[in-house]
Amino acid sequence: MISLYLAERTWLHGVPAGWKLLALALVSLFVAPFDALAPMAGLLAATLALYATLGRPALRQIALLRPMWPLIAILLAFHWWRGDPVLGVAVALRLLAMVLLANAVTMTTRMDAMMDAVEPLLRPLALVGVSPRAVALAVAMMIRFVPLLFALWEALGESWRARTGRRGGWRLLAPFCIQTLRLSHHTAEALAARGGVPGTLPRTRRQ
Amino acid sequence: MKDRSLVQIALYAAIFAVLGLLPKFDLPFAGGVPITAQSMGAMLAGVMLGAWRGALSIVLLLFVVALGAPLLAGGRGGLGVFFTPSVGFIVGWVAAAFVTGWLMQAMRRQSVLASALIASVVGGIVVEYAFGIVGLSLKAGLSLADATKACLIFIPGDAIKAVLVALIAQTVARGMPDALLSRHV
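These protein sequence lines map, in sequence, to chains P and G.
The numbers in the first sequence follow UniProt numbering, run straight up by one, and end at 207.
The numbers in the second sequence follow UniProt numbering, run straight up by one, and end at 185.
If we strip away everything but chain P, and leave its shape as in the complex, we get (with noise of 0.2 Å):
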């Protein structure tokens, strides 16, 4: 699966996920009131340096920003017309500078270090009879249905180019969805087969 994680190694690696997740909410909280350009425009030349220091392929990340383009417009435009031009880019750049530090994060921490940062997280949900290991579970199958539902996309693509001899686009949802459904039974069996979600009783204590 494409990832949205830095292989090469930064000295931000090696701060733990815990540190950073509690570093960005922090920032979050702390810009959230402020509306004057000089400090936002403090705060993305900051963040910009950050990624300096993180090295060229960090740098080459923002342009993940590209799809934001047309919503700052939009934003920046509105502002406009309500005569406070000066407030709608103070707002970008605090939008810009959150999204590139958010990013900074995920580009830096691996998928399973950030999941053993939020565990202590979910533990309350014991209280509620959710075990985090079936969070686990559910997380895990859920990453590993995205390519297998994606080849079955393209196998019903396939079969209805070869009836038709055109895209099948919108007509794939339903077969797509029963076919989805039928794997979701056959996992379900097999899971229960082996010994099925963890953190619930044994069936035969359940009533």
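Among the hints, a few may not be true.
Just a sample of chain P residues kept apart from chain G, beta carbon distances all over 12 Å, derived [what the hints assert, rightly or not]:
#1 Arg9
#2 Trp11
#3 Gly14
#4 Ala38
#5 Ala41
#6 Ala49
#7 Leu59
#8 Arg60
#9 Pro124
#10 Pro147
#11 Glu158
Per label pair, the in silico range of CB-to-CB distance [said to hold, decoys possible]:
#12 P:Gly165 / G:Ala145: 46 to 52 Å
#13 G:Leu138 / P:Ala38: 18 to 24 Å
#14 G:Arg174 / P:Ala45: 55 to 61 Å
#15 P:Pro33 / G:Ile153: 28 to 34 Å
In silico contact screen, one side only, chain P against chain G (beta carbon under 7 Å); selected entries [as the list claims (entries may be wrong)]:
#16 Leu71
#17 Leu75
#18 Val91
#19 Leu93
#20 Ala102
#21 Met141
#22 Val146
#23 Cys177
#24 Thr180
#25 Ala188
Keep in mind the hints are simulated off the structure, nothing from the lab.
The C-beta atom is built at its ideal place from N, Cα and C for all residues, glycine as well.
Please build the complex by placing chain G on the supplied structure of chain P, with the hints as guidance.
Chain G alone, transformed into the frame defined by chain P:
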């Protein structure tokens, strides 16, 4: 039953992700307008799974996205998406799936097509945009009225998606009746 529910939650989270990875569909009956399929995911999860499982499948998807997987349309993902102006729409999917599923269950005696359409419109459009507009207004410093204006152009596309979800639900109900879990239990 619990095994099956967990598998289905994971399955619909994955379907949501796959819908974002697919090339855009050209809709013949809307003048060939290309749409991304992903925002159908929340309606689809609610219509198929019902309120709780539908909402949990979106929670699972967002959790995996936050862990760093680029599973949102256009390869977006990671913690960054939760700081964009569209965060309201992203978080709103949870509520959208819940309300869609709840309405679907409440209307289980009506025809699948009609109830899926109504549930998708109310959950996937009314609830979804309520969250999205408030989020945009907070994140972008716009008034609620301005934020609403900025979002209006997307509503026709989502209305088409609600119709598609209703058609899919009806086809699934015909082809594999017990697959429509919102109608069982």
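Would you settle whether the hint for Cys177 (chain P) is holds or violated, based on the nearest Cβ-Cβ distance to chain G being less than 7 Å?
With Cβ-Cβ at 5 Å, under 7 Å, it holds.
So Pro147 (chain P) supposedly isn't at the interface. Is its beta-carbon more than 12 Å from every beta-carbon in chain G?
Per Cβ check, Pro147 (chain P) is inside 12 Å of chain G; nearest 9 Å; violated.
Cβ-Cβ distance between Arg174 (chain G) and Ala45 (chain P): within 55 to 61 Å?
Hint holds: Cβ distance 59 Å, inside 55 to 61 Å.
Under 7 Å, Cβ to Cβ, is where Leu75 (chain P) needs to be relative to chain G, so tell me if that hint holds or is violated.
With Cβ-Cβ at 5 Å, under 7 Å, it holds.
When you look at the beta carbon of Trp11 (chain P), is every beta carbon of chain G farther off than 12 Å?
The claim holds: Trp11 (chain P) sits with its nearest Cβ about 19 Å from chain G, beyond 12 Å.
With d taken as the least Cβ-Cβ distance between Ala41 (chain P) and chain G, does d exceed 12 Å?
About 16 Å separates Ala41 (chain P) from the closest Cβ of chain G, which puts it past 12 Å; holds.
Consistency of beta-carbon spacing, Ala38 (chain P) to Leu138 (chain G), with hint 18 to 24 Å
For Ala38 (chain P) against Leu138 (chain G), whose Cβ atoms are near 22 Å apart, the range 18 to 24 Å holds.
Beyond 12 Å from chain G, beta-carbon-wise, is Glu158 (chain P)?
Correct as stated: the minimum Cβ-Cβ distance to chain G is 14 Å, above 12 Å.
Does the no-contact call for Arg60 (chain P) survive, Cβ to all of chain G over 12 Å?
14 Å, holds
Was the hint right that Ala102 (chain P) lines chain G, CB cutoff 7 Å?
4 Å, holds
Holds or violated: is the Cβ of Gly14 (chain P) farther than 12 Å from all Cβ atoms of chain G?
Non-interface label on Gly14 (chain P) holds, nearest chain G Cβ at 17 Å vs cutoff 12 Å.
If you take the shortest Cβ to Cβ gap from Ala188 (chain P) to chain G, is it below 7 Å?
4 Å, holds
Violation of the numbered hints given earlier is confined to hints 10 and 19; the remaining hints are satisfied by the structure.
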